Amino acid sequence: MTRRFSLGAVTVVTFLGLWELLGRTDALGDHALPPFLATASALGRAVAAAEFWMAAGHTAVQWALGLAGAMLVAIPLGLFLGLGRLRHRVTRSTIDFLRTIPPVMLLPLFVLVWGTGLKMVVLLAIYAAVWPMLTQTITGVRQIDQATMDTAAIFKISAWRRFWRVLLPAVSPFITSGVRVSAVISLFIAIVCELVAGSPGIGQLLAQAQLGGDTALMWGLILVTGVLGVLINTVFKTAESQLLAWHPAYAKGQ
Amino acid sequence: MTSFTTESSIMDTVQEAAPSSPALEVSRLAKSYGKREAAKQVLADITVSVARGEFVCVVGPSGAGKTTLLRCLSGLLEPTTGEVLVNGHAVDGPPDELAVVFQDYSRSLLPWMKVAANVEFPLLEKKMSKAERKALVGQMLEAVGLTQHAGKYPRELSGGMQQRVAIARALAYRPTILLMDEPFASLDAQTRAELEDVVLQLRDDFGVTIVFVTHDIDEAVYLGDRVVVLSGTPATVSEIVEVCFPTPRDQVTTKALPEFGAIRGEVLTRIRDAKQQY
Ligand SMILES: Nc1ncnc2c1ncn2[C@@H]1O[C@H](COP(=O)(O)OP(=O)(O)OP(=O)(O)O)[C@@H](O)[C@H]1O
Ligand SMILES: [Mg+2]
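One line per chain: the protein sequences are F and S, in this order.
Each residue of the first sequence is one higher than the last, beginning at 0 in numbering that gives the first Met the number 0.
Each residue of the second sequence is one higher than the last, beginning at 0 in numbering that gives the first Met the number 0.
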């Protein structure tokens, strides 16, 4: 544990040191990469202003609504489609086609219909975040063991319990990994909308910093976004290991 | 107190069924998988009747159709032709008073429930108080020697222990008929002998009718009141051998009886004869 921690610390320090060096020597040219310390101080100034926190709040709300909305659509729909062989066969190619369209391509269309406000961002985030959870849930249902369903049938388990205590737990490892991927996608879409369409949020601050030629702040905000992504992933992974304590992959001591 | 309530509930279920009918009646059952040209017939013209409280073993080579037969008996699979009666009632779908210990026990336990919860789960559908349920689960786990492991997940147990959980779950359900599909096939000889005696003991304690599939002839002769030999493609009942040893049976003395060797020999001959015919 401590060893892993110190190894991580060494990696981070080396990385930041390298950044500082590349920045000072202007390795990228055009002052595109300011030194790390300059970036940090620009970020420090930004963080002290209320504007940053308002933007962060917008991004957070859009992210959360996008993810929650996608969960509400994808999980029930995935269970429904996965449970019927015909339903699954009929919809599979459509789903495969739709999910390969990069969601960002739909941004102009969404802006045209819903403008650049919160509603548009959330809708696009939902659209983008639905796919991983939907396909994972369907896969999860399809792989349920016949033995599990036979057991439920033999012991005459009621439909209610069959759903909550057999089906859902059996699919849960697939759902949670889908949710983890979708959480990052929802954040990504929120920030892209802010950046490209000018919806309020961290992405918008980034666009403004770019227009104002403040490269140090730009890098600072990129850093913030990256940290947010890692944070989300970590939080969801931890929650997952709590929820799936029964699963061999999360067995204690592994 | 607990033993009183559990015994009385067994009596209730037994009395509900028509008293004169056998526990299980299979008449002219045939089963094919697939449709039309692709159809593959697995079972043909199976007729067997199992009396209440009887222990019937079904033997036959791998792929003969033993699991298929059991799935038809349990209402999980619809026979192509013929009929199955459980306690006098035609089977369509799993009957109330029947439980199954599946061949693949490790997959039939629910991995997200701890041992006690797995045993308790089917009981949630019955009209029982929480206290009654807990008492019954405790009693059954004790019967299979797993009291200390009640709080573990199935994956933390060995194969033999998982199998005991499946047996405890089936028995806690209080079936009048228990179907067991090669339940001990993947266990070591020692555990196997132990569990064989556990099942015999439970049969004596609770008066359950048992149909036990195995490909081990010694096991079939040791456990069964009768041994049904399945063979051929499609499989038919080629022989029913009566086993008449004194009860209670004992791993050492019963297997040392001269009759044990004789009956074992008879079953073996029947299987060989049946093989030569095809
Ligand atoms: N769902 C199915 N669809 C098509 N064929 C099947 C199906 N299940 C079983 N079979 C075929 O039916 C035959 C009998 O299978 P079954 O599982 O009943 O045999 P078994 O006697 O239980 O064998 P074992 O001792 O190996 O468990 C086999 O040839 C098998 O391939
Ligand atoms: Mg089988």
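No lab work stands behind these hints: they were computed from the structure.
Computed from a predicted structure; not experimentally measured.
Even for Gly, the Cβ is constructed at its ideal location relative to N, Cα and C.
Check each hint, because a few of them may be wrong.
Some, not all, of what chain S presents toward chain F, calculated at C-beta under 8 Å [what the hints assert, rightly or not]:
id : residue
1  : A89
2  : P93
3  : F101
Against the structure, the hints:
A cut of 8 Å between beta carbons decides the hint on S:A89: the least distance to chain F is about 17 Å, and the hint is violated. Hint on S:P93 holds. Least Cβ distance to chain F is approximately 5 Å, under the 8 Å limit. Checking S:F101 against chain F by beta carbon gives a least distance of about 6 Å; that is within 8 Å, so the hint holds.
Hint compliance for this structure: hint 1 alone is broken.
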